[in-house]
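Novice: Sequence:
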Amino acid sequence: MRLFFGLQLSKQTCLGIEHWTTTSLPPLTRPVPLVNFHITLAFLGNLDQRRLGQLTRAADEIRFQPFALILDELGFWNKPGLLWLGCKEPSPILLSLAKKTKHIANQLGFASDKRNYQPHVTLARRCESPPPAAIIPPCFTQEFSNFVLYESVSTRSGVRYDIINEWSLD
Numbered sequence: 341m342r343l344f345f346g347l348q349l350s351k352q353t354c355l356g357i358e359h360w361t362t363t364s365l366p367p368l369t370r371p372v373p374l375v376n377f378h379i380t381l382a383f384l385g386n387l388d389q390r391r392l393g394q395l396t397r398a399a400d401e402i403r404f405q406p407f408a409l410i411l412d413e414l415g416f417w418n419k420p421g422l423l424w425l426g427c428k429e430p431s432p433i434l435l436s437l438a439k440k441t442k443h444i445a446n447q448l449g450f451a452s453d454k455r456n457y458q459p460h461v462t463l464a465r466r467c468e469s470p471p472p473a474a475i476i477p478p479c480f481t482q483e484f485s486n487f488v489l490y491e492s493v494s495t496r497s498g499v500r501y502d503i504i505n506e507w508s509l510d
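Sequential numbering from 341 applies to the sequence shown in the working numbering.
Just so you know, these hints were derived from the structure itself, not from any lab.
Pairwise CB distance ranges (calculated): (1) Trp417 x Leu509: 23 to 31 Å; (2) Arg370 x Arg403: 34 to 42 Å; (3) Pro366 x Leu448: 40 to 48 Å; (4) His443 x Met341: 18 to 26 Å; (5) Arg390 x Arg370: 29 to 37 Å; (6) Pro406 x Pro366: 32 to 40 Å; (7) Glu506 x Pro366: 29 to 37 Å; (8) Ala408 x Gly498: 27 to 35 Å; (9) Gly393 x Ile476: 44 to 52 Å; (10) Ile504 x Pro477: 34 to 42 Å.
Distance condition first, Cα-Cα at most 30 Å in a straight line; then the derived DSSO-like pairs of lysine-lysine: (11) Lys454 x Lys419; (12) Lys440 x Lys419; (13) Lys428 x Lys454; (14) Lys440 x Lys351; (15) Lys454 x Lys442; (16) Lys442 x Lys428; (17) Lys439 x Lys428; (18) Lys428 x Lys351; (19) Lys439 x Lys419.
Note that beta-carbon positions come from the ideal geometry of N, C-alpha and C, so glycine has one too.
Generate the whole structure from the sequences, applying the supplied hints.
Specialist: Pasting the structure below:
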């Protein structure tokens, strides 16, 4: 099982982002389907299903207040050719939640990402260059009251993210 902790966006936000990308940006090379929009908190990698209970018990102890994010920054990473939507000012609660989930991953012996955390929603993959500036700047407000454990499942038609477990923040 390939797992990661993440934040699930509302259907309304996903539809808004999809509409914005199709009306404000040129056609994208490999757009991510809106059903796969999410914000990763901590990538865990491959997990033996027998250790799933240990992971969920550790996540049961996480306590944070619900919070809101404003997704208002379009970004591009050259190396993977990734176009993303993020936030100019990430919530301190989000940053603490990401740090806590990464700490759990490290405590349980999972190899976690060494890069600085940049909360984002992946919009497209394998882009050769960043797109020109958006016609309309992005601005999406999303409230979060829970976090989830996703399983990344590879299929013939692409990757699918299944929710394995969900925790309330309050």
